[in-house]
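K.L.:
Start counting the sequence shown at -4; every next residue gets the next number (my numbering).
Derived from the structure by calculation, the hints contain no laboratory data.
We put the beta carbon where it would ideally sit given N, CA and C, even for glycine.
Please note that a few of the clues may not be correct.
[What the hints assert, rightly or not] Across the chosen pairs, the derived CB separations fall in these ranges: (1) Pro9 to Gly48: 42 to 48 Å; (2) Asp50 to Arg71: 15 to 21 Å; (3) Pro9 to Asp50: 32 to 38 Å; (4) Ser73 to Glu144: 16 to 22 Å; (5) Ser213 to Asp146: 23 to 29 Å; (6) Arg0 to Ala217: 17 to 23 Å; (7) Leu134 to Gly233: 16 to 22 Å; (8) Asp146 to Glu15: 43 to 49 Å; (9) Ser19 to Gly82: 43 to 49 Å; (10) Ser19 to Gly126: 15 to 21 Å; (11) Arg71 to Gly126: 22 to 28 Å.
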Amino acid sequence: MLSIRGPFWLGADPVFPDPELAHSSGLLAVGGDLAPERVLLAYRSGIFPWPMGDDEDPLYWFSPDPRFVLYPEDLRLSSSLRKVLRGGRLSVSFDLAFEEVVRACAATPRGPADGRDGRDGGTWITDAMVGAYCRLHSLGWAHSVESWEGDRLVGGLYGIAIGGVFFGESMFYRVRDASKVAFATLVTELARRGARLIDCQQETPHLARFGAKGVARSDFLAELAGALVEPECYPPPGHLAPTGLIV
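Let's have the full structure, built from the sequences with the hints guiding it.
P.N.:
As structure tokens, this is what we get:
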């Protein structure tokens, strides 16, 4: 018997269809909103929002197959990045400038190498997305990692942390290696705190160089279910010097 495939239209209730019913493109559903309970349910279900237009347009929800994942123990660092991390030119912090990081990511033009293509060289991080993730940050679910050169914010990333999983959303840099330093520091800290996996969503050459790889969606969903009930893995707010990393 043939199964019906997405996309499905979402109603007012925060529910999603089975991710395994997504279209071959990964598109599962259209519509809904960015209320915290819906967004968190999406991540727990292996789904993420990806606006394809402006705030007035319907939301799109994806669950691609394969899913791009980085297991913390698989982290690979180039010799040049190890040198930067040991050099201490950049310092790193957690959750000290969340909205600044999100807005900097939103201002960064995107292309095919970024995984989520931008709209005409623009960004999928709409004003509604910024507001939604800032609300999730205030509720303790969304987090940022910042790279600093002195007191200047020069790079970073943000995402959602639930249990033993970090769901990466976007990153930016203003000076060379700044986003790489933020990401390497985050993964190292997550590994120390027992994180099971980092969801990178879609394949990019940049994340592949760090050791991320594609896994079948069915395998990802099975691993996700177990990792979500693990203890909280995200570091508390504060500064961490790159020289403290074991690199």
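K.L.:
Could you run down the list of hints and mark each one as holding or not?
P.N.:
Hint check results:
no.: 1; hint: Pro9 to Gly48: 42 to 48 Å; verdict: violated, 22 Å
no.: 2; hint: Asp50 to Arg71: 15 to 21 Å; verdict: violated, 38 Å
no.: 3; hint: Pro9 to Asp50: 32 to 38 Å; verdict: violated, 19 Å
no.: 4; hint: Ser73 to Glu144: 16 to 22 Å; verdict: holds, 20 Å
no.: 5; hint: Ser213 to Asp146: 23 to 29 Å; verdict: violated, 47 Å
no.: 6; hint: Arg0 to Ala217: 17 to 23 Å; verdict: holds, 21 Å
no.: 7; hint: Leu134 to Gly233: 16 to 22 Å; verdict: holds, 19 Å
no.: 8; hint: Asp146 to Glu15: 43 to 49 Å; verdict: holds, 48 Å
no.: 9; hint: Ser19 to Gly82: 43 to 49 Å; verdict: holds, 45 Å
no.: 10; hint: Ser19 to Gly126: 15 to 21 Å; verdict: violated, 32 Å
no.: 11; hint: Arg71 to Gly126: 22 to 28 Å; verdict: violated, 35 Å
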